[in-house]
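Given the sequences, and given the hints that come with them, work out the whole structure.
There are 2 protein chains.
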Amino acid sequence: MDLHEALYTTRAMRRVKPDPIPVEVQQRILDAAIRAPSGGNAQNWRFLLVESQEVKDRLGPLYRRCLGMVWDNIYKDKTDAAEANPADADHAQWLRVKRSADWLAENFESVPLYLMGFCLGDPTGGSIFPAVWSAMLAARGEGVGTSLTSAFMLAADETLEVLEVPQDEGWIFACCVSLGYPTGRWGVAPRTPAHEVTFKDRWGQGLDFEIDGPLWKG
Amino acid sequence: MDLHEALYTTRAMRRVKPDPIPVEVQQRILDAAIRAPSGGNAQNWRFLLVESQEVKDRLGPLYRRCLGMVWDNIYKDKTDAAEANPADADHAQWLRVKRSADWLAENFESVPLYLMGFCLGDPTGGSIFPAVWSAMLAARGEGVGTSLTSAFMLAADETLEVLEVPQDEGWIFACCVSLGYPTGRWGVAPRTPAHEVTFKDRWGQGLDFEIDGPLWKG
Numbered sequence: 025m026d027l028h029e030a031l032y033t034t035r036a037m038r039r040v041k042p043d044p045i046p047v048e049v050q051q052r053i054l055d056a057a058i059r060a061p062s063g064g065n066a067q068n069w070r071f072l073l074v075e076s077q078e079v080k081d082r083l084g085p086l087y088r089r090c091l092g093m094v095w096d097n098i099y100k101d102k103t104d105a106a107e108a109n110p111a112d113a114d115h116a117q118w119l120r121v122k123r124s125a126d127w128l129a130e131n132f133e134s135v136p137l138y139l140m141g142f143c144l145g146d147p148t149g150g151s152i153f154p155a156v157w158s159a160m161l162a163a164r165g166e167g168v169g170t171s172l173t174s175a176f177m178l179a180a181d182e183t184l185e186v187l188e189v190p191q192d193e194g195w196i197f198a199c200c201v202s203l204g205y206p207t208g209r210w211g212v213a214p215r216t217p218a219h220e221v222t223f224k225d226r227w228g229q230g231l232d233f234e235i236d237g238p239l240w241k242g
Numbered sequence: 025m026d027l028h029e030a031l032y033t034t035r036a037m038r039r040v041k042p043d044p045i046p047v048e049v050q051q052r053i054l055d056a057a058i059r060a061p062s063g064g065n066a067q068n069w070r071f072l073l074v075e076s077q078e079v080k081d082r083l084g085p086l087y088r089r090c091l092g093m094v095w096d097n098i099y100k101d102k103t104d105a106a107e108a109n110p111a112d113a114d115h116a117q118w119l120r121v122k123r124s125a126d127w128l129a130e131n132f133e134s135v136p137l138y139l140m141g142f143c144l145g146d147p148t149g150g151s152i153f154p155a156v157w158s159a160m161l162a163a164r165g166e167g168v169g170t171s172l173t174s175a176f177m178l179a180a181d182e183t184l185e186v187l188e189v190p191q192d193e194g195w196i197f198a199c200c201v202s203l204g205y206p207t208g209r210w211g212v213a214p215r216t217p218a219h220e221v222t223f224k225d226r227w228g229q230g231l232d233f234e235i236d237g238p239l240w241k242g
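Protein chains in written order, with our numbering: chain A, 25 to 242; chain B, 25 to 242.
No lab work stands behind these hints, which were simulated from the structure alone.
Small disclaimer: the values here were computed from a predicted structure and weren't measured.
Where hints are given, some of them may not hold.
Copies of one chain are not kept apart here, so a pair can be met inside one copy or by any two copies together.
Listed next, the in silico SDA-like pairs over lysine to any residue satisfying Cα-Cα at most 25 angstroms (straight line) [said to hold, decoys possible]: (1) LYS241 / ASP26; (2) LYS41 / ALA213; (3) LYS241 / GLU166; (4) LYS100 / HIS115; (5) LYS241 / LEU178; (6) LYS241 / GLY167; (7) LYS224 / ALA180; (8) LYS41 / GLY92.
Here it is in structure tokens:
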């Protein structure tokens with residue numbers, strides 16, 4: 025696959041089939057992930073693949089509780105506004121994201137594979153998320169859909185207990201990636217143009233160019 | 025460029041020529057970056073391109089001071105051990121990384137471009153580092169070398185002051201990426217094999233397969 029196709033079309037693909045991910049595909053995804061950089065090349069990362077139905081059955085209720093907290097505490101106003109005026113394009117987009125996230129929560133136990141990322145001594149996340157994103161891009165190259173969520177952090181202790189993560193070694197849960205063969209289509213997700221979120225030389229000073237993206241059209 | 029070539033060969037390229045990065049290349053890098061996911065698709069990211077010699081001249085001394093703190097406080101034992109026994113392969117590799125990082129510090133002002141990443145309300149880094157890593161992969165596709173450093177965090181207040189980042193809006197400095205045309209060659213960096221850093225279903229339980237990487241050979 026072309027690099028830019030992967031960079032542009034690896035959108036969140038939460039609705040997936042229950043079909044398992046072949047071992048060879050899992051291997052290629054993991055091997056690509058660990059090529060990412062980490063501070064001092066320390067590779068202070070651990071990955072945990074969850075494929076066992078028993079473990080997924082224990083994580084599912086936790087995830088639904090966490091996502092409920094996300095909706096109630098972080099996104100309540102945004103959702104209320106969107107539901108009050110769903111004809112607005114941004115609102116409609118938000119309601120699509122929310123339905124997609126709810127689908128994942130409701131079907132958590134039927135997703136074939138999860139990849140959990142953990143880090144040690146990494147206050148910024150800069151030594152775990154390049155590897156996690158590489159895993160997601162490599163999955164895209166295999167036709168495997170992914171989505172990234174850190175919602176489990178809202179029940180971190182219980183999540184670590186289910187996964188039997190030791191309490192005394194300092195490993196921090198960074199994120200959970202769902203993986204599966206998508207039911208929907210790949211595409212370029214809408215974004216605020218780059219020149220609206222980029223400054224030049226000092227904060228607040230605009231670029232001397234605009235970027236009429238997406239520059240990759242497929 | 026092939027996705028896997030980018031994922032496998034985007035190693036830290038700190039030694040770069042002073043030649044400027046053309047505007048069209050900057051545009052493609054930024055446009056690729058913003059296609060990355062972010063929590064709730066909030067895109068709570070800002071990027072700051074530093075190309076002005078005046079700003080680089082103010083950042084250079086700060087960076088050298090920060091990197092000095094990194095060597096003295098975080099990696100002193102590792103460096104001492106490596107210098108005591110440089111014939112060991114891991115030690116030799118570490119000394120190469122250190123020399124490369126020192127090159128960047130000593131030549132900070134001659135690197136043509138820096139991309140600073142900032143985030144808001146992103147405790148894990150999961151909503152900024154996918155975008156930053158996409159920028160680095162897109163740069164690789166353009167033949168532009170990059171390296172990722174968060175060392176400026178050790179002088180965060182002064183860095184934000186130089187960049188004129190407002191104190192009251194909550195934007196957090198996440199990282200600095202150096203960009204330039206490399207003097208060295210691209211290649212696959214050494215890594216601990218994926219099966220040694222990946223568990224299955226619960227912490228401490230090994231995968232039922234090994235991964236004899238790199239699986240992408242070029």
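Verification of the supplied hints:
1. LYS241 / ASP26: For LYS241 and ASP26, the Cα distance is within 25 angstroms both inside one copy (12 angstroms) and across copies (16 angstroms).
2. LYS41 / ALA213: Only inside one copy: LYS41 and ALA213 sit 21 angstroms apart there, 35 angstroms across copies, limit 25 angstroms.
3. LYS241 / GLU166: both (20 angstroms within a copy, 17 angstroms between copies)
4. LYS100 / HIS115: Within. Shortest intra-copy distance 13 angstroms satisfies the 25 angstroms Cα cut-off; inter-copy 52 angstroms does not.
5. LYS241 / LEU178: Answer is neither: 38 angstroms inside a copy and 41 angstroms across each miss the 25 angstroms cutoff.
6. LYS241 / GLY167: both (19 angstroms within a copy, 21 angstroms between copies)
7. LYS224 / ALA180: Intra 39 angstroms, inter 19 angstroms, cutoff 25 angstroms: inter-copy only.
8. LYS41 / GLY92: within (23 angstroms within a copy, 51 angstroms between copies)
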